[in-house]
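Novice: Two chains, two separate frames, one set of hints: put the complex together.
Going line by line, the protein sequences match chains B and H. Take this note's numbering: the final residue in the first sequence is number 114, and no numbers are missing along the way. Take this note's numbering: the final residue in the second sequence is number 119, and no numbers are missing along the way.
Bear in mind the hints are in silico, worked out from the structure with no lab data behind them. Values in this document were obtained by computation on a predicted structure and should not be read as measured data. We put the beta carbon where it would ideally sit given N, CA and C, even for glycine. Worth double-checking, as some hints may not be accurate.
[To be verified] Per the computed footprint, the stretches of chain B lying under chain H, defined by three or more beta-carbons under 8 Å from a beta-carbon of chain H, are:
id : region
1  : 25–31
2  : 81–95
3  : 104–112
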Amino acid sequence: EAQVTQNPRYLITVTGKKLTVTCSQNMNHEYMSWYRQDPGLGLRQIYYSMNVEVTDKGDVPEGYKVSRKEKRNFPLILESPSPNQTSLYFCASSFRTAPRNEQYFGPGTRLTVT
Amino acid sequence: AQTVTQSQPEMSVQEAETVTLSCTYDTSENNYYLFWYKQPPSRQMILVIRQEAYKQQNATENRFSVNFQKAAKSFSLKISDSQLGDTAMYFCAFTSPNAGGTSYGKLTFGQGTILTVHP
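In isolation and in its complexed conformation, chain H is listed as follows (with noise of 0.2 Å):
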């Protein structure tokens, strides 16, 4: 069974500076999908930034980027020029191609990371 770690329940960063979030998995899959996804006082579920494991280059939207490390199973998020808006709850996600059975399709969550943006 795949499991996602975030340890860090809280982070806080000032106003346009740079923060990492954590985040480790554990599979035996050799192909699978990474995500981080965004959840504002509001609830909605936001994706804010996918990786595919077959792909070396490390995937970044705007201000936000990744350290995947396939060997290390490490999936870290980057948050650059921090803004007020980016306070948020992180999840970290995965989810499996080859997963058959009741895993399919299936998103596997971390525990979330709570970040502050301080202005």
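Just chain B, same shape as in the assembly (with noise of 0.2 Å):
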């Protein structure tokens, strides 16, 4: 079945300790990205990697980094969390050709950071 994974779905955290979120494909996409998604503001992206090592800032990269060193995986790390990353986030991917081709969303991380 073609889709988007996220581990965890749910995570807990404390204010400055490093985390990791992971996002996996199976569809062959070039193109993934981070968005986080708040009431009020809807989806925005973090950072989107066009190929494997080809990485770039969204609109709000503050506080985050990524990664791209296989085409299937593109893990979202928050190196000292802070509250305002409390948030939903999701992975997404697509072929290079998008937006002629739609995007898979993964099924959202829900993180709270105390």
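Specialist: Okay, here's the thing in structure tokens:
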């Protein structure tokens, strides 16, 4: 089944404790991105990657890092999480000819930073 | 920069009736795509319908249709014969194939509209 998986689905952590949210897709998509969803703001892009070893900042990259060492994986790293990073996070992927091709979203990760 | 605005934070409708969700956008691009996504309580993002700006014909998908007014930069979603399963947050989104740099492939979302279908 074609899908985007994220782990964990739920995470509660404390300020400053490094964490990684994994994202994996099995559709051989070149393009992957991370979004955060906050009430009243919709979804905003954090980082994106057009292919292996090619990443760039989106609209709200502060406090986040990403890497793309393999085509299928695109982890999101919070090296020192803060409460303002409490949010719902989505990973998405598509073929590089986006937007002609549909972007597939993962199930979301609910992160709470206390 | 592109912006997408959904001015209705919440809407409600009776089962079997029709409801229209509003969306306006701003862009200087001539070629772009518009989408409506549904997010049910499970939080999964589900593509409902897509409209290509160069197509004059409004897109339809079963009970879902859009009213695309390019000159007015308006893109509303009409849900006919509303069902309880339509209860969800709905997001309008924009992207442009001509956008370069940090806008490549990016979906710009509106704030969302919570739709509740009452029995």
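Novice: For every hint, state whether the structure bears it out.
Specialist: Taking the hints in turn, this is what the structure says about them:
1. Counting residues of the region 25–31 of chain B whose C-beta sits closer than 8 Å to any C-beta of chain H gives 1, which falls short of three, so the coverage hint is violated.
2. Interface restraint, the region 81–95 of chain B with chain H: holds (4 residues with C-beta to C-beta distance below 8 Å; minimum three).
3. Interface restraint, the region 104–112 of chain B with chain H: holds (4 residues with C-beta to C-beta distance below 8 Å; minimum three).
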